[in-house]
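Q: The UniProt record's numbering puts the sequence shown at residues 1 to 149.
The hints are simulated quantities; they were obtained by calculation from the structure and are not laboratory data.
Among the clues, some could well be false.
Straight-line distance between alpha carbons at most 30 angstroms, and here's what the computed DSSO-like set of lysine-lysine pairs gives [to be verified]: (1) Lys-110 - Lys-143; (2) Lys-35 - Lys-10; (3) Lys-10 - Lys-69; (4) Lys-36 - Lys-110; (5) Lys-53 - Lys-68.
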Amino acid sequence: MQITLTINDKLVTWDVEQDEFLADTLRAHGYLSVKKACETSCCGLCTVWVEEKSVLSCTILSVRAHGKKITTIEGVPNEAGEFARVLTAEGSEQCGFCSPGFVMNVLAMKNELVNPSDEEIIHYLTGNLCRCTGYMGQLRAVKTYLGVL
1 MQITLTINDK LVTWDVEQDE FLADTLRAHG YLSVKKACET SCCGLCTVWV EEKSVLSCTI
61 LSVRAHGKKI TTIEGVPNEA GEFARVLTAE GSEQCGFCSP GFVMNVLAMK NELVNPSDEE
121 IIHYLTGNLC RCTGYMGQLR AVKTYLGVL
């Protein structure tokens, strides 16, 4: 089956299987920042934006993305770089395996929430698992990035 979508502002047409998930399609076409780890749709590593909203790409069939705008971390290099600098400055960077999905959700949060509380930030990022940290450094970095300290 053939789908057409806009990925990081580039129009593409790809052949996909009817039961293929978007995460697998993206990885097959070189978007290796989109990762799968949990196989239960609860780790957040596969987060991309579909029509500017955070979506777990391991839960959406590729055929459902037909005609839609998809953004991966490769499509927001300036914003991702800015947040990465804050993570580093706060001493919050870890191994990086979870970073692409985490960064995509932080950037989406910046676009959606105004002056969020700690509880709102934690709630928004609940689906992003990191096995390297206790999350306090990440929370500090997110608050710094959002300017809510």
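Q: Decide, hint by hint, whether the structure agrees.
A: A quick look at each hint next to the structure:
1. Lys-110 - Lys-143: 10 angstroms, holds
2. Lys-35 - Lys-10: 21 angstroms, holds
3. Lys-10 - Lys-69: Judged against 30 angstroms, a Cα distance of about 9 angstroms means the pair holds.
4. Lys-36 - Lys-110: 24 angstroms, holds
5. Lys-53 - Lys-68: Roughly 11 angstroms between the alpha carbons, so the hint for Lys-53 and Lys-68 holds.
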